Structures are given as structure tokens and as C-alpha cells.
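Chains as they are written, first to last, in my numbering: chain S, 1 to 253; chain F, 1 to 253.
The hints are simulated quantities; they were obtained by calculation from the structure and are not laboratory data.
Just so it is clear, the structure is predicted and the values come from calculations on it, not from any experiment.
Among the hints, erroneous ones may be present.
[To be verified] Simulated restraints, written as ranges between beta carbons of each label pair: (1) S/Gln86 with F/Lys28: 23 to 33 Å; (2) F/Arg106 with S/Arg187: 41 to 51 Å; (3) F/Glu182 with S/Glu122: 20 to 30 Å; (4) F/Gly213 with S/Asp26: 25 to 35 Å; (5) F/Asp27 with S/Lys28: 23 to 33 Å.
[As the list claims (entries may be wrong)] Facing chain F, from chain S, some residues (calculated, C-beta under 8 Å): (6) Glu76; (7) Phe103; (8) Tyr107.
[Claimed, not checked] Over the 12 Å line for every Cβ pair with chain F, so calculated as not near, a few chain S residues: (9) Asn73; (10) Lys89; (11) Glu122; (12) Ser123; (13) Met167; (14) Gln221; (15) Lys229.
No residue lacks a Cβ here, since even glycine has one placed at the ideal position from N, Cα and C.
There are 2 protein chains.
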Amino acid sequence: MDKSIKRVLCTVMYHGAHYSGWQIQDDKVSVQSTIQSVLSRMHHHSVKIVGSGRTDAGVHAFGQCFHFDTDLNLSEERWVIAINSQLPKDIRILDAHYVHSKFHARYSVISKRYDYLISKEESNPFSYQTHLSITKKLNYHAMNQAISVLVGTHDFSSFCSNSKEEMPNQVRTIMHFECLDEGEQIRFILIGDGFLRYMVRMLVAVVLDVGLGKLNVKDVQEILDKKDKRAYSGIVDPCGLYLMEVHYKEDEE
Amino acid sequence: MDKSIKRVLCTVMYHGAHYSGWQIQDDKVSVQSTIQSVLSRMHHHSVKIVGSGRTDAGVHAFGQCFHFDTDLNLSEERWVIAINSQLPKDIRILDAHYVHSKFHARYSVISKRYDYLISKEESNPFSYQTHLSITKKLNYHAMNQAISVLVGTHDFSSFCSNSKEEMPNQVRTIMHFECLDEGEQIRFILIGDGFLRYMVRMLVAVVLDVGLGKLNVKDVQEILDKKDKRAYSGIVDPCGLYLMEVHYKEDEE
Numbered sequence: 001m002d003k004s005i006k007r008v009l010c011t012v013m014y015h016g017a018h019y020s021g022w023q024i025q026d027d028k029v030s031v032q033s034t035i036q037s038v039l040s041r042m043h044h045h046s047v048k049i050v051g052s053g054r055t056d057a058g059v060h061a062f063g064q065c066f067h068f069d070t071d072l073n074l075s076e077e078r079w080v081i082a083i084n085s086q087l088p089k090d091i092r093i094l095d096a097h098y099v100h101s102k103f104h105a106r107y108s109v110i111s112k113r114y115d116y117l118i119s120k121e122e123s124n125p126f127s128y129q130t131h132l133s134i135t136k137k138l139n140y141h142a143m144n145q146a147i148s149v150l151v152g153t154h155d156f157s158s159f160c161s162n163s164k165e166e167m168p169n170q171v172r173t174i175m176h177f178e179c180l181d182e183g184e185q186i187r188f189i190l191i192g193d194g195f196l197r198y199m200v201r202m203l204v205a206v207v208l209d210v211g212l213g214k215l216n217v218k219d220v221q222e223i224l225d226k227k228d229k230r231a232y233s234g235i236v237d238p239c240g241l242y243l244m245e246v247h248y249k250e251d252e253e
Numbered sequence: 001m002d003k004s005i006k007r008v009l010c011t012v013m014y015h016g017a018h019y020s021g022w023q024i025q026d027d028k029v030s031v032q033s034t035i036q037s038v039l040s041r042m043h044h045h046s047v048k049i050v051g052s053g054r055t056d057a058g059v060h061a062f063g064q065c066f067h068f069d070t071d072l073n074l075s076e077e078r079w080v081i082a083i084n085s086q087l088p089k090d091i092r093i094l095d096a097h098y099v100h101s102k103f104h105a106r107y108s109v110i111s112k113r114y115d116y117l118i119s120k121e122e123s124n125p126f127s128y129q130t131h132l133s134i135t136k137k138l139n140y141h142a143m144n145q146a147i148s149v150l151v152g153t154h155d156f157s158s159f160c161s162n163s164k165e166e167m168p169n170q171v172r173t174i175m176h177f178e179c180l181d182e183g184e185q186i187r188f189i190l191i192g193d194g195f196l197r198y199m200v201r202m203l204v205a206v207v208l209d210v211g212l213g214k215l216n217v218k219d220v221q222e223i224l225d226k227k228d229k230r231a232y233s234g235i236v237d238p239c240g241l242y243l244m245e246v247h248y249k250e251d252e253e
């Protein structure tokens with residue numbers, strides 16, 4: 001890489017309701033395309049950003065990460081201010097810092113944390129874009145048993161939409177998976193070394209099915225063991241999903 | 001009124017961010033026009049609704065009220081379900097009930113409660129449409145002194161945008177005005193027999209000016225006493241304002 005070119009890593013928060021997701025898609029407004037437009041305007045040439053991974057339409061982020069390369073000489077604080085001044089208010093850069101040229105926002109990821117939020121009240125105009133609503137009583141003991149089946153290293157083929165052709169290895173490790181009763185809301189926390197397409201939303205769906213008595217823990221074990229896309233079709237709405245943190249090796253930043 | 005015609009009073013919650021306000025305006029999408037479209041479709045003819053009063057663009061409601069007349073024979077529960085099934089998710093009917101023909105959603109009002117919400121954190125993608133952000137420290141003692149100047153019956157000409165021609169009597173009574181520190185947010189509560197245009201947002205602005213040390217309590221008294229539109233020009237953003245409740249005489253409903 002040219003010595004005058006430096007790599008910048010940014011952390012970004014966004015409300016996903018009005019975007020087609022992170023990834024650029026033709027004719028649609030994505031978070032990536034919105035940020036790239038701002039950076040391209042600042043550089044007077046096209047700038048590409050590389051995210052830690054995709055988020056689906058309607059999914060939010062408290063801590064998505066992306067990198068880009070630049071020949072502009074701005075301080076880290078200045079990058080935050082300059083980009084935010086041109087972004088819509090539902091996307092905010094929280095942090096920017098220079099990283100070495102081998103750092104890569106996607107390939108350097110070691111783990112990610114996703115949260116899923118559920119309101120115990122009826123959906124209303126102030127919650128429908130940020131929380132799933134479940135007013136029925138949930139069996140937390142049974143949900144925790146289902147979670148203990150799913151945590152760890154498994155082939156998650158039954159809980160994702162990726163075909164074996166596009167993603168031959170569907171083994172992933174979930175290091176942490178918990179369900180917290182926070183009073184007015186329920187929070188699922190999942191930390192893993194990688195998540196397949198729809199995996200978080202399908203795992204939350206199957207745990208909720210157990211909490212609602214539609215499935216039992218044995219069913220969850222059987223679905224997991226099948227390693228088959230036809231084994232389970234449940235998925236929760238994207239509105240409750242938040243990419244909370246992307247973890248990188250400290251020495252890579 | 002024809003005996004087969006009955007009057008229905010509805011309570012409605014809405015997120016105001018995507019509307020030009022309550023009131024119908026040419027070429028713009030208002031809360032009123034959105035609800036009228038649904039009711040007109042249900043009745044196969046044009047239906048007008050009468051709100052308790054206007055709310056400005058971007059202002060929210062937890063308990064706006066409106067009435068309409070109908071020849072349809074639905075139960076009160078059914079009205080709620082039928083209207084909500086066709087409304088966008090940022091408008092929700094909370095309650096519907098039949099009232100006698102002399103009840104009027106605007107003329108029968110005895111008081112209204114407005115709340116104004118302020119976040120103590122920087123504005124972010126999840127708060128910018130629902131809270132004003134003030135990260136500076138506020139002097140609550142001084143704000144409460146300013147509030148004590150404003151509560152009661154006064155000519156509020158200095159704190160509204162209505163001209164004397166369109167609204168000759170600008171005397172209103174504020175029965176209750178308080179400022180609550182709720183930890184992460186600050187809540188102003190105002191209950192009055194009526195509010196002039198921009199009055200709540202100008203009163204909150206002047207109290208905040210005192211809390212920030214820009215004005216003192218004597219200044220507020222002087223502005224109030226001037227009864228002059230040129231005396232004060234501060235106004236807070238509509239995003240933090242909520243019409244919470246409309247109060248009617250019990251025997252009128």
C-alpha cells in the first residue's frame with residue numbers, strides 16, 4: 001500500500017428501519033451506500049468501505065465496524081465529526097482510528113455480539129421498529145435448557161439459510177448465549193465466532209418456541225442434529241436484532 | 001342528528017416523525033388524513049374526524065382524542081380492531097367508545113396534558129426522533145423557580161405564535177407544570193385548560209434557558225409581563241413533545 005494511504009477503522013451505530021440492510025444493493029438505500037456517498041464526496045473520488053459483515057434489512061447496530069483507505073490527512077476525532085456532519089441522523093459514527101494496512105474489518109474479526117430485544121407489551125408506534133412484541137408468558141427455565149443445547153461448537157445447518165454450495169462449512173462456535181428478563185423487556189445475548197445468514201434470528205425463534213411451549217428441548221436437539229435446512233423454518237422479525245460489538249484481536253488494530 | 005347515526009370517540013397513539021402534524025394540509029400526509037382515509041374506506045363515503053386540537057409536525061401522542069359520526073353498527077372493541085387493521089404501525093387506536101351526540105372532541109375538552117422529554121446523552125439514531133438532547137448540566141432549582149412564575153393563569157402572548165387577530169384572548173391557565181429528573185431523561189409535565197400555538201415548546205425553552213444560565217427568573221417574569229410576541233423567540237424541537245391525555249367532563253362522554 002502506498003505510504004501516503006492510510007487505513008481507518010470506524011465504529012457505527014444505526015437504526016436499520018429505513019435501510020435495505022448494510023450491504024449495497026442496486027436501487028436500494030443501504031447503510032453502506034449511504035456512508036460511501038459521504039466518503040466519496042469528501043474525497044472527490046469513489047471510496048469503498050469494507051464492513052465486518054452484513055446486517056439484514058431492518059436490523060440495527062450499536063457497534064458495526066468498517067474500514068476504508070484514504071489519502072486525506074485528518075485526525076481521528078476529525079473523521080468522526082466530518083462524516084457525521086453529512087450523514088442522516090439515523091446513522092452515527094461513534095469512533096474512528098487509524099489501523100495498520102493488514103487490518104481488515106471482515107477478515108480480522110474474532111467474534112461478534114448480537115442482542116435481540118423483545119417487549120412484553122403490545123407493539124405500539126414507539127416500539128414496533130425496535131422490539132419484537134410477545135405478551136404471552138414465557139417459560140424461562142425451558143428456554144435456558146434450549147440455550148444450553150445450542151451453545152458451543154455445532155454444525156448450524158438447520159438454523160441458517162445459506163446453502164452448502166455457497167457456504168460449505170456451517171460449523172460455528174457460540175461462546176455465549178443467554179436470555180435476560182430485564183423487566184419491561186427480554187434481552188437475548190449471543191456471542192459467536194461467526195454467524196450464518198438468519199442464524200441469530202432462527203436461534204432466537206427456536207428458543208422462543210420452547211418458551212411458548214410449542215417445542216420442547218428434545219425437539220431442539222433433534223433439529224440441531226439433523227443439520228438440514230428443512231428441519232426448522234422459524235425466524236423472528238429483524239426489528240429486534242442489534243449488532244452490538246465486533247471484537248478484533250488487540251494487536252491487529 | 002339522525003337516530004341511526006352514532007358518535008364515536010377514539011383515543012389514538014402516534015409517532016409523529018413521518019407526519020406533517022395532526023391537521024390535514026394539502027399534499028402532505030397528516031395523522032388526520034391517514035385516519036380519515038381508513039374510515040372513509042370502511043364507510044364507502046367520505047368521513048371527517050374532529051380532533052381535540054392540532055399537534056405540530058414531528059410531535060407525538062400517547063392520548064390524542066377525536067370523534068366521528070357513523071351509521072355502521074360495530075361494537076366498541078370492533079372499532080379498535082377494524083381501524084387498526086388498516087392503519088400504518090406508527091398510528092394505533094387505543095380505545096373507542098360511543099358518546100352522546102352533543103359530545104365534541106374539541107369543544108368538550110376541559111384540560112390537556114403535554115410531556116416534553118429530554119435525553120441527557122448525545123442524540124443518537126434511536127433517540128433523535130423522540131427526545132431533545134441536552135448534555136450540559138441543568139440547574140433544577142432555578143428551573144423550578146422559573147416554573148413557579150409561569151404556572152397559573154396568565155396572558156401568554158409572549159410565549160406563543162398566534163397573532164392577536166387570529167386569537168384575541170391569549171389568557172390560559174396552567175394548572176400543573178413540573179420538571180422531573182428521571183435518571184437517563186428529564187420530563188416536563190404541563191397540564192392546562194388550553195395551549196396556544198407553540199406555547200408548550202416556548203415555555204419549555206424558556207425554563208431550559210434558565211436551567212442553562214442563559215436567563216434568570218427575573219427575565220422570565222419580565223418576558224411574561226410584556227405580553228409581546230417580540231419578547232421571546234426560543235422554542236424547543238417538536239421531537240420531544242407528547243400529547244399525553246385529553247381530559248373531558250365525565251358526564252359529557
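Could you check the hint for me, namely that glutamine 86 of chain S and lysine 28 of chain F are 23 to 33 Å apart, CB to CB?
Since the Cβ atoms of glutamine 86 of chain S and lysine 28 of chain F sit about 27 Å apart, the hinted range of 23 to 33 Å holds.
Restraint outcome when phenylalanine 103 of chain S is required to lie within 8 Å of chain F by C-beta distance:
26 Å, violated
Outcome for the supplied range 20 to 30 Å, where the beta carbon pair is glutamate 182 of chain F and glutamate 122 of chain S
23 Å, holds
Evaluate the condition: distance from the CB of asparagine 73 of chain S to the nearest CB of chain F exceeds 12 Å.
Answer for asparagine 73 of chain S: holds, closest chain F Cβ roughly 26 Å.
Verdict on lysine 229 of chain S as a residue remote from chain F, using beta-carbon distances over 12 Å:
31 Å, holds
At the C-beta level, are arginine 106 of chain F and arginine 187 of chain S separated by a distance inside 41 to 51 Å?
For arginine 187 of chain S against arginine 106 of chain F, whose Cβ atoms are near 43 Å apart, the range 41 to 51 Å holds.
Is the nearest Cβ of chain F still more than 12 Å from the Cβ of methionine 167 of chain S?
30 Å, holds
Would the least Cβ to Cβ distance between glutamate 122 of chain S and chain F come out above 12 Å?
8 Å, violated
Residue hint tyrosine 107 of chain S, partner chain F, criterion CB-CB below 8 Å:
Tyrosine 107 of chain S check fails; min Cβ-Cβ to chain F is 27 Å, beyond 8 Å.
Are all C-beta atoms of chain F more than 12 Å from that of lysine 89 of chain S?
5 Å, violated
Whether serine 123 of chain S stays farther than 12 Å from all C-beta atoms of chain F, as the label says:
7 Å, violated
In this structure, is the beta-carbon distance linking aspartate 27 of chain F and lysine 28 of chain S contained in 23 to 33 Å?
The hint (23 to 33 Å, Cβ to Cβ) holds, given that aspartate 27 of chain F and lysine 28 of chain S are roughly 26 Å apart.
When the structure is compared with the earlier hints, violations turn up for hints 4, 6, 7, 8, 10, 11 and 12 and for no others.
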